[in-house]
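Chemist: Sequence:
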Amino acid sequence: MTRNFKDKDMQVVIGWVLRLGVFVSMAIVLMGGILYLYRHGHATTDYSTFKGVPDFVQTLPGIIHGIATLRGRAIIQAGIILLIATPVVRVAFSAVGFILEKDRLYTVITFIVLLIIIISALSGHAG
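All residue numbers for the sequence shown refer to this note's numbering, where the first residue is 4 and numbers rise by one.
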């Protein structure tokens, strides 16, 4: 006996995606924070000069290299990126759900929203 896909099933999946994304990103940020404090917790901060964000956390290759070398700031940045990506994944899962429900109108609308999000993220323009 095959089971039909239901809207409630998709809501459960989307709920788990959101929860998992938040908890995993929170755990990654916590691990990065602990590592950062372990290595730099004793350092005295000089507030007379502004140093800004280090170069290695401004690009994706820099973040990946920072994670590979266990740099706390890079791990924190990865957790924040994952937290930001969680709602985007939710929109993608919604699109899959609408495809399975064979709802063409909402599938098209969801893909338009996903396209807008991706273009905005890649172009750096928010709207």
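Treat the hints loosely; a few may be bogus.
What the hints assert, rightly or not - Under the rule of at most 20 Å between Cα atoms (straight-line distance), these lysine to any residue pairs were calculated in the SDA-like manner:
1) Lys11 <-> Phe101
2) Lys105 <-> Leu23
3) Lys11 <-> Met29
4) Lys11 <-> Val99
5) Lys11 <-> Gly75
6) Lys54 <-> Gly127
7) Lys54 <-> Leu23
8) Lys54 <-> Leu40
9) Lys105 <-> Leu40
10) Lys54 <-> Glu104
11) Lys105 <-> Ala46
12) Lys11 <-> Glu104
13) Lys54 <-> Ile120
14) Lys54 <-> Asp106
Just so you know, the hints here were simulated from the structure itself, not pulled from any lab data.
Chemist: Next step is simple, just say for each hint if it's right about the structure.
Modeler: Hint-by-hint comparison with the structure:
1. Restraint check: the Cα-Cα separation between Lys11 and Phe101 comes to about 12 Å, which is no more than 20 Å; the hinted pair holds.
2. Annotation: proposed proximity of Lys105 to Leu23 is violated, straight-line Cα distance about 27 Å (limit 20 Å).
3. Taken as a hint, the Lys11 and Met29 pair is broken in the structure, with Cα atoms around 27 Å apart against an allowance of 20 Å.
4. The hinted pair formed by Lys11 and Val99 meets the criterion: a straight-line CA distance of about 14 Å does not exceed 20 Å.
5. Between Lys11 and Gly75 the alpha-carbon distance is near 40 Å, which puts this suggested pair outside the 20 Å criterion.
6. Between Lys54 and Gly127, the direct Cα distance comes to roughly 23 Å. Violation of the 20 Å bound is thereby established for this hinted pair.
7. A threshold of 20 Å between alpha carbons decides the hint, and for Lys54 with Leu23 the separation of about 34 Å lies outside it, so the pair is violated.
8. A hinted pair counts as satisfied when its Cα atoms are at most 20 Å apart, and Lys54 with Leu40 qualifies at roughly 18 Å.
9. For the hint pairing Lys105 with Leu40, the CA-to-CA distance comes to about 50 Å; that exceeds 20 Å, so the pair is violated.
10. As the CA atoms of Lys54 and Glu104 are separated by approximately 52 Å, the hinted pair breaks the 20 Å bound.
11. Between Lys105 and Ala46, the direct Cα distance comes to roughly 58 Å. Violation of the 20 Å bound is thereby established for this hinted pair.
12. For the suggested pair Lys11 and Glu104, the alpha carbons sit about 11 Å apart, so the restraint of at most 20 Å is met.
13. With a C-alpha separation of about 31 Å, the suggested pairing of Lys54 with Ile120 is violated against the 20 Å cut-off.
14. Taken as a hint, the Lys54 and Asp106 pair is broken in the structure, with Cα atoms around 51 Å apart against an allowance of 20 Å.
In this structure, the hints that do not hold are numbers 2, 3, 5, 6, 7, 9, 10, 11, 13 and 14, in rising order.
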